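Undergrad: Based on the provided sequences and hints, a complete structural model is requested.
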Amino acid sequence: DQQVKQNSPSLSVQEGRISILNCDYTNSMFDYFLWYKKYPAEGPTFLISISSIKDKNEDGRFTVFLNKSAKHLSLHIVPSQPGDSAVYFCALTSGTYKYIFGTGTRLKVLA
Amino acid sequence: NAGVMQNPRHLVRRRGQEARLRCSPMKGHSHVYWYRQLPEEGLKFMVYLQKENIIDESGMPKERFSAEFPKEGPSILRIQQVVRGDSAAYFCASSPQGLEVYEQYFGPGTRLTVT
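Chains as they are written, first to last, in my numbering: chain W, 18 to 128; chain B, 3 to 117.
Worth flagging that the hints you see were computed from the coordinates, not collected in a lab. All clues stand as given, with none of them false.
Pairs of lysine to aspartate or glutamate residues, derived as DMTMM-like cross-links and limited to a Cα-Cα distance of at most 20 Å, are as follows:
id: 1; chain 1: B; residue 1: Lys-46; chain 2: W; residue 2: Asp-41
id: 2; chain 1: W; residue 1: Lys-54; chain 2: B; residue 2: Glu-42
id: 3; chain 1: W; residue 1: Lys-115; chain 2: B; residue 2: Glu-70
id: 4; chain 1: B; residue 1: Lys-29; chain 2: W; residue 2: Glu-59
id: 5; chain 1: W; residue 1: Lys-115; chain 2: B; residue 2: Glu-43
id: 6; chain 1: W; residue 1: Lys-115; chain 2: B; residue 2: Glu-105
id: 7; chain 1: W; residue 1: Lys-22; chain 2: B; residue 2: Glu-42
id: 8; chain 1: W; residue 1: Lys-115; chain 2: B; residue 2: Asp-58
id: 9; chain 1: B; residue 1: Lys-46; chain 2: W; residue 2: Asp-48
id: 10; chain 1: W; residue 1: Lys-22; chain 2: B; residue 2: Glu-43
id: 11; chain 1: W; residue 1: Lys-125; chain 2: B; residue 2: Glu-43
id: 12; chain 1: W; residue 1: Lys-125; chain 2: B; residue 2: Glu-42
id: 13; chain 1: W; residue 1: Lys-54; chain 2: B; residue 2: Glu-105
id: 14; chain 1: B; residue 1: Lys-46; chain 2: B; residue 2: Asp-88
All values reported here derive from a predicted model rather than from experimental measurement.
TA: The structure is reproduced here in structure tokens:
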């Protein structure tokens with residue numbers, strides 16, 4: 018039973034354009050949502066988060082959107098840069114330390 | 003570098019041997035979490051420890067796996083009598099506080115290969 022899904026295993030985007038990564042979940046108990054970026058041979062690095070009381074959080078080029086009714090989370094990166102090429106994981110929690118991770122989306126930003 | 007340290011980075015074991023994975027949390031962090039990532043899957047929570055205490059091991063397989071975080075030294079994830087299905091990347095994370103939601107900071111992982 019997969020509670021968190023990232024349905025696009027990979028995504029290619031031209032440098033300077035917008036990258037949109039998506040994450041869908043089934044459990045309405047999740048109330049805190051995070052995005053992590055992972056380079057090969059490294060651990061995940063925290064990127065941005067949002068709590069369920071908000072629908073948008075912005076940090077520089079990164080914006081996370083939360084649609085609670087649709088149980089949908091997305092990460093927008095604009096403008097995309099080649100250094101953004103990595104695997105992106107969404108991680109969800111119902112208010113505790115126990116994160117539930119998605120399967121990841123591999124983003125490739127083309128120069 | 004004051005980040006989360008894990009060693010070894012790569013570990014090869016034959017079936018039936020023991021694997022010991024070590025994790026040193028970030029300076030000032032006393033909460034440690036272990037996750038496992040199987041090929042083509044997301045990270046799966048295994049265990050949450052504080053110094054000398056296992057707080058939640060609900061994600062640990064019931065047999066062969068154990069974890070500790072002694073008063074001194076790194077946290078250890080121990081897998082006895084490894085099988086091929088244990089081949090995975092094992093990540094450790096730490097946070098300054100626990101129980102509630104805090105961003106967890108991850109180490110580079112240990113890639114275990116069982117031959």
